[in-house]
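Trainee: Line order of the protein sequences matches chains A and B.
Counting along the first sequence from 1, when you hit position 34 you're at 34 in the working numbering, and nothing is skipped either side.
Each position in the second sequence, counted from 1, maps to that position plus 1000 in the working numbering.
Calculated directly from the structure, the hints in this document are not laboratory data.
Treat the hints with care, since some could be wrong.
Straight-line C-alpha distance at most 25 angstroms; calculated SDA-like pairs for lysine to any residue [stated by the list, open to error]: (1) B:LYS1271 - A:ASP171; (2) A:LYS229 - B:ASP1173; (3) A:LYS141 - B:THR1234; (4) B:LYS1271 - B:THR1211; (5) A:LYS143 - B:GLY1301; (6) B:LYS1215 - A:PRO321; (7) B:LYS1271 - A:LEU137; (8) A:LYS141 - B:VAL1281; (9) A:LYS143 - B:ASP1173; (10) B:LYS1271 - A:GLY278; (11) A:LYS141 - B:ALA1295; (12) B:LYS1215 - A:PRO168; (13) A:LYS141 - B:LYS1215; (14) B:LYS1215 - A:SER316; (15) B:LYS1271 - A:SER316; (16) B:LYS1215 - A:GLY278; (17) A:LYS141 - B:VAL1285; (18) A:LYS143 - B:THR1211; (19) B:LYS1271 - A:PRO168.
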Amino acid sequence: MIRVEKRKEPLRYQGAVAASSAVVIAFLVGCVIFAGLGVHPLTAYLAMGKGVFSSVDAFSEVLVKATPLIFTGLAVATAASMMLWNIGAEGQLVWGGICAAGTALFLFPGMDAWLVIPLVLAASALGGLVWSLIPALLKAKLKVNEILTTLLLNYVAIIYMEHLFYGPWRDPAGFGFPGTAQIPEAAHLVRFAGTRISLGFPLALLCAVFLFYLLKKSIWGYQVLVIGKEQRAARYAGFNVNGKILTVMALSGAFAGMAGMVEVCGIHYRLQTGLAVGYGYDGIIVAWLAGLNPLAVPITAILLGALFVGGEQLQSVLGLPSSISLILEGALLFGLFAGQALGGYTVTISGRSKVAS
Amino acid sequence: MIEDLIFITQISIKSSVAVLLATVGGIITERSGVLNLGIEGMMLVGALAGFAAGHFTQSPMIAVAAGTLAGGLLSLVHAFFTIALRSNQVLSGLALTILGTGLANFLGRPLIGQTGVRIRQLPIPLLSDIPVIGEVFFNQSPFAYAAYLLVPLVWFALFRTRTGLVLRAVGEDARSADAAGVNVELTRALSVFVGGLFAGLAGTYLSLSYTPGWKETMTGGQGWIAIAMIIFCTWNPLLAFFGALLFGGLTALQFFFQATSMDLIPSYILKMLPYLLTIGVLVLVSASSRHRKSASPADLGVPFYREL
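Work the whole structure out from these sequences, hints included.
Mentor: So this is what it looks like as C-alpha cells:
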C-alpha cells in the first residue's frame, strides 16, 4: 500500500532538491515542446549545449547574460527576505540605465575613468533606489499593495526612457536611430581578455557576498529575516517594520539600478531599446530558484544565462523562436513549486519510508 | 464639441471592454479565495489562440470559443499548483504570466503580420438610433454587448444565487465552508477556471476586434490594470464598469489628442497616465479603507489544508 504523508521535519536539502526538480521538470517540458514541433529533443538540447559550451567565447556570453541577472536576482531576493514583492526590478533597472547614461553623457563628459565609473555606478544605484522608494513609501505609509505598484511603475519607467531616446536625448548624429549618443570611453566598463564580460560580473559577485553577510551577520539583516518570517511577532518585539520596508526596498532598488548600469556601460554604451528586455522579471526566477540565498543567486543566474544563450542558439541553428527560453523559465518556476510540494511529503510503500524528491 | 464628446465616450467604452471582462473574471476567482496574478498571461494566450483559430478557420464563432477556452485551460495550471499543491499564489500567478507570455510569443511567431477574422462594430437596430446614447453604447462590437450582459449576470450569480453564496463562503472562511459540506477544492478550481475563461475572452477581444491582428505583448499591461481594478471596485462586478471606464477614458483621451494633434499634454505623459492613475486609484482605496473593514475576501490567498 502506498501512503502519502506530510513530512514533520523539513527535508535537509529541501532547497537544492526543489531546484533540481525544477530543472528536471523544465527539461521534460522542453522535450514535449520540441517533440511537438517535430524536432528530436536530443538534437535541440545538443544544439543548446553546443552553443553554450563549444568555446570560451560562447561560455563567456553566458556570464555576460548572467551579470544583470545576478543584480536583479539580488534585488528580488532582498525584498523577498522580508516577504516584500519587488516586481519592479525592470523599471528600477531602466532608471539605473537612464541615470548611468545621463551622468556619463551630460554631467561628467571629460573626466577620467577612475572618477567617472564610481560616479556613474552611484548614480545608477541612486536612480533605482529612488524609483523603488515610491512603492516603498506607499506601502509603509498607506499599506498600498506593492506587487501592483512596483509592476505598474515598470511601464511608466519604460515609457519615460523611450521618450528620452526618441526625443530630447536622441543622438543628433544617429541617422534617426532611436538611442542616445555613445557614452564617453572613460565610462565604459573594463572588459576581460577579448570577451564581453565586463567589470560588472565581479561587481555582481561582490554584491551577492555583501548581501549574504548583511542578512546573516548584521542586526539589520536579522530583523529583516524575522519580520519576513513572523511580522506580528516582530512588531510586538518592537522592530520598526515600516522603516525596514523603506530600507529593504531601497537596497533592492539600488541592486536593480546597478543592473541597468552594467548593461549601459558594459554592453550597449548608450541608452537604447535593448535595455528593457525583461531581466527584472527574470530576477524573480533567479531569486526563488536560489531559495532566496544570495550566495546561490549567481549560480541560478548563470543557469538562466545559459538557457538564454542556448535559446538564441536554437534560433540560429534550428530556426526555432528564441522565446522558447521564456516558456522554459515558466516551467522552471512551476517545477520549483512541484519540488517544494513533493519535498514536504513522504511516500510510504508497504511500511518502508522512501523519500519523494 | 458634442460630437467630440460622443467620439471620446464611444472610444472609452471600446477601450474598456478587455479590462472589464478580465476584471469580472478576476472577481469570480478572488471571491473564492484564490489570487491569480496570471491574468496578463491568460489574456495573451487567449488573444493568440483566438487570432490563430480565426486565421485558420475563418469562423468568428470558433475563434472566440478557442480564445476563451485557451485562457481557461491555462488557468488550470494555476489551479493545480495553488489548490492541489498549495504553492504560493503570488509566485504561481507570476509564473503563469511568464509562461503565458512565453507560449504566446513562441507559438505566435509565424502569425505576426498575418490577417485573421475581424469582428466589427455591430449597431443594434432601433437602440443604436437613440440620439447620443445609441451611438455611444449600441454601436459597439458584440464583445461590448456580451460584457453589458455578463457583468450584471455575474453580480446576480455571486450575490443572489446559492452557487454564488457557496463560492463566497469558500473565499471568506474555507474551513467553515468545508465543515458545512462544501467541496472547497472543487469550488476554487472552478472559480479559477471561469476567471481564466473571462481573461481568455478579454484577450480575444483585443486580437479580433480592438486591434485586429497578433502582436507580441499586445495586452500592454491590461491584465495588471484589471487586477488593480478588482481592488478598486471592492470585488463587486457592478462597480467594475466604472473602473474599466476610467482606464478606457484615458486611452480615448490619448487617441483624441493624437487625432486632433493637440499638444496640450505631451504624448508620453498621456501614455503613462493609465498606469499612474491605476496607482492613484490603489492609493485612494487604501487611504479610504484604513479605518473600515476591508472589502477583500477574508481567505484570499490563504491555501486550504483539510488535514490540519
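Trainee: Can you give the numbers of the hints that this structure goes against, from lowest to highest?
Mentor: Hint check: 12, 13, 15 and 18 fail, others pass.
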